[in-house]
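Participant: Now for the letters of each chain:
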Amino acid sequence: MIRYLTALAVLAGFAIMPEVIGEYYVEIMILFMINLILASSFRLITTCGDWSLSHVVFMGVGAYATALLAKFLGWPFWGTVLLGGMASAVVGLAVVFPLLRTKGFGFFIGSFALGEFVRLIWVKFHFPFGGPRGMIGIPSIELSDIDFYEATPYYYLVLLFTIGCLAVLYRIDLSRTGRVLKAIYADEDLSKCIGINVARYRAMAFSVSAFFAGIAGVLLAHRLGAIDPKNFDVNTMVYLVIWVVVGGVGSFWGPLIGVAVMMLVGEAARPLAEWRPLLFGGILIAFLTLLPGGLDSLMSKVRELLDRRTADGTKEN
Amino acid sequence: MDWPTFIQSISNAVILGSIYAIVAVGLALAFGVMQMANFAHGEFFMAGAYVVYVLYALGGMPFPAAVISAFPIVAALGMVTERFVFRPTRGNVLAGFMATAGVAFILQVIVGQVWGVGLMRSVPTPYMGAASILGAQMSWQRLIILPSTLVMVGGLWFFLHNMKLGKALRACAQDVEAASLQGININKITALSMAISGGFAGVAGALMAPINAVTPYMGHSIIVTAFIVVIVGGMASIEGSILAAFILGFIHTFVTTLFDAVLATMAGVAFMAIILVVKPTGLLGRVRM
Numbered sequence: 050m051i052r053y054l055t056a057l058a059v060l061a062g063f064a065i066m067p068e069v070i071g072e073y074y075v076e077i078m079i080l081f082m083i084n085l086i087l088a089s090s091f092r093l094i095t096t097c098g099d100w101s102l103s104h105v106v107f108m109g110v111g112a113y114a115t116a117l118l119a120k121f122l123g124w125p126f127w128g129t130v131l132l133g134g135m136a137s138a139v140v141g142l143a144v145v146f147p148l149l150r151t152k153g154f155g156f157f158i159g160s161f162a163l164g165e166f167v168r169l170i171w172v173k174f175h176f177p178f179g180g181p182r183g184m185i186g187i188p189s190i191e192l193s194d195i196d197f198y199e200a201t202p203y204y205y206l207v208l209l210f211t212i213g214c215l216a217v218l219y220r221i222d223l224s225r226t227g228r229v230l231k232a233i234y235a236d237e238d239l240s241k242c243i244g245i246n247v248a249r250y251r252a253m254a255f256s257v258s259a260f261f262a263g264i265a266g267v268l269l270a271h272r273l274g275a276i277d278p279k280n281f282d283v284n285t286m287v288y289l290v291i292w293v294v295v296g297g298v299g300s301f302w303g304p305l306i307g308v309a310v311m312m313l314v315g316e317a318a319r320p321l322a323e324w325r326p327l328l329f330g331g332i333l334i335a336f337l338t339l340l341p342g343g344l345d346s347l348m349s350k351v352r353e354l355l356d357r358r359t360a361d362g363t364k365e366n
Numbered sequence: 003m004d005w006p007t008f009i010q011s012i013s014n015a016v017i018l019g020s021i022y023a024i025v026a027v028g029l030a031l032a033f034g035v036m037q038m039a040n041f042a043h044g045e046f047f048m049a050g051a052y053v054v055y056v057l058y059a060l061g062g063m064p065f066p067a068a069v070i071s072a073f074p075i076v077a078a079l080g081m082v083t084e085r086f087v088f089r090p091t092r093g094n095v096l097a098g099f100m101a102t103a104g105v106a107f108i109l110q111v112i113v114g115q116v117w118g119v120g121l122m123r124s125v126p127t128p129y130m131g132a133a134s135i136l137g138a139q140m141s142w143q144r145l146i147i148l149p150s151t152l153v154m155v156g157g158l159w160f161f162l163h164n165m166k167l168g169k170a171l172r173a174c175a176q177d178v179e180a181a182s183l184q185g186i187n188i189n190k191i192t193a194l195s196m197a198i199s200g201g202f203a204g205v206a207g208a209l210m211a212p213i214n215a216v217t218p219y220m221g222h223s224i225i226v227t228a229f230i231v232v233i234v235g236g237m238a239s240i241e242g243s244i245l246a247a248f249i250l251g252f253i254h255t256f257v258t259t260l261f262d263a264v265l266a267t268m269a270g271v272a273f274m275a276i277i278l279v280v281k282p283t284g285l286l287g288r289v290r291m
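Residue numbers (the numbering used here), protein chains in the order written: chain R, 50 to 366; chain G, 3 to 291.
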């Protein structure tokens with residue numbers, strides 16, 4: 050009951066937020082929700098132990114697909130969002146294929162290199178991808194009479210998509226597939242012994258999470274109106290890793306908390322300018338060495354401590 | 003491609019392969035001992051280049067002395083990384099690797115803030131002129147890389163096979179538990195392996211400083227290639243990474259000569275993908291990654 054009330058309160062908070070905060074913060078909230086989709090889809094691959102270092106590249110695939118479809122072919126939003134996600138999923142399948150025989154470092158490094166490959170295609174080909182300067186003039190969304198160029202309508206559109214994507218990802222996490230992925234992480238050989246097709250599940254997790262990253266990319270491209278290959282480089286990837294590490298991947302909520310906390314820290318550290326990467330790098334090292342489970346594990350640790358204390362208390366009584 | 007261009011490309015490929023070899027051997031050595039890859043290895047390369055920039059271009063120290071002092075300075079960076087990043091996260095494959103991405107960020111910011119981000123630091127060429135090899139022109143500056151590589155890799159080979167400490171290092175790479183049962187201090191060996199690894203990356207960067215543009219972000223291009231090299235060679239195999247370094251050096255040079263540098267990097271990644279499908283252990287590796 051408390052859980053439903055909390056969820057309802059959070060949703061209501063998100064619903065009335067644009068009325069309360071200024072336009073600048075509405076823009077920040079749009080980016081925040083897009084990052085929520087990105088981080089949550091990233092967690093899906095990490096549940097089977099594959100920390101893909103090419104995840105933001107798939108956001109780029111969605112963004113570039115949107116740019117091409119909307120700019121050159123004049124496709125409407127529903128077309129770009131579907132095809133952007135699908136394109137990402139298909140590229141994801143192609144990328145994960147050579148990686149399926151690797152695990153651990155081979156996978157991390159291999160996915161990093163293959164992500165660079167996809168990114169370099171955008172850098173290399175001036176037509177149609179615009180080369181290193183990227184693409185500009187991506188049209189905003191227009192649906193029926195509403196002009197989504199304004200921040201507030203766009204906010205509600207992204208909110209709708211965020212709720213939808215997170216709900217699907219949450220269902221996947223609880224489903225049999227989600228459990229199979231965790232089993233693969235816990236013990237790959239044992240999973241094979243009980244008849245799990247490990248390669249197929251890993252490929253599926255990779256492709257599905259690429260699909261959602263692609264949707265995040267579609268929403269980003271329509272909002273920014275301009276994208277370039279640098280948006281999806283390894284620096285952005287490390288920031289995504291920092292969000293997810295700070296939040297922790299132990300539960301579905303960890304990455305969401307991580308994005309919220311680190312975006313707050315990022316906003317607060319805006320005056321530091323060029324020193325910000327140092328702060329973020331320090332935070333990343335601190336969390337990995339001192340609290341590898343992230344903020345999420347901190348909460349369960351506190352709860353465990355409280356439980357033990359109350360249990361002790363009842364015993365004494 | 004005419005004959006002089008061909009000869010020129012071959013000599014360029016050998017030089018580039020030597021640089022890749024120095025960088026990748028360090029990565030492979032550290033991986034063999036700790037089962038841990040270092041994301042900041044490219045930044046160690048960058049740090050080596052800055053050592054030459056500061057000591058030679060700004061400080062007026064002779065070039066060879068500056069290159070040699072890059073070894074202990076960057077080796078110390080490697081040991082600090084081992085002590086404060088790899089040792090606390092030992093046993094957690096992911097944490098150590100990702101934390102070094104934080105080390106990379108920190109080194110980039112510090113170097114950028116101390117010596118500036120915007121302009122390229124140009125290091126004057128200490129050795130003017132060029133040698134003529136079968137009709138190809140090779141500047142002395144590039145040519146000295148080859149003997150330096152031979153000395154370093156040969157020195158490492160001698161150390162690993164003939165000295166007690168080197169043998170202990172190889173023992174750790176084979177089986178950490180058995181090695182510690184023989185009384186080998188594991189912490190000492192991992193620190194040593196990171197020192198050698200960092201030192202090699204530093205010297206490679208130092209040698210490339212007069213040739214490359216010296217910027218805080220120059221590590222990025224080298225780390226992609228270094229990772230590709232160690233995967234192709236077989237993660238923990240030093241011989242494999244030397245072989246793979248020269249193969250990648252040839253691919254990179256010839257594709258760059260015929261097409262361009264972006265396509266050359268893509269060709270390297272494509273080659274890695276083929277190796278991963280055909281032989282996931284790498285060319286000379288034995289363990290599955």
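Keep in mind that the hints were calculated from the coordinates and are not lab data. There could be a bad hint or two in this list.
With a straight-line Cα cutoff of 25 Å, these simulated DSS-like cross-link-like pairs (lysine-lysine) come out [what the hints assert, rightly or not]:
| hint | chain 1 | residue 1 | chain 2 | residue 2 |
| --- | --- | --- | --- | --- |
| 1 | R | LYS120 | R | LYS231 |
| 2 | R | LYS231 | R | LYS241 |
| 3 | G | LYS190 | G | LYS166 |
| 4 | R | LYS241 | G | LYS281 |
| 5 | R | LYS120 | R | LYS241 |
| 6 | G | LYS281 | R | LYS152 |
Treat the numbers as computed from the prediction; the structure is a model and nothing was measured.
Participant: Against this structure, judge whether each hint is valid.
Facilitator: Now the hints, each set against the structure:
no.: 1; hint: R:LYS120 with R:LYS231; in the structure: violated, 41 Å
no.: 2; hint: R:LYS231 with R:LYS241; in the structure: holds, 13 Å
no.: 3; hint: G:LYS190 with G:LYS166; in the structure: holds, 13 Å
no.: 4; hint: R:LYS241 with G:LYS281; in the structure: holds, 21 Å
no.: 5; hint: R:LYS120 with R:LYS241; in the structure: violated, 46 Å
no.: 6; hint: G:LYS281 with R:LYS152; in the structure: holds, 14 Å
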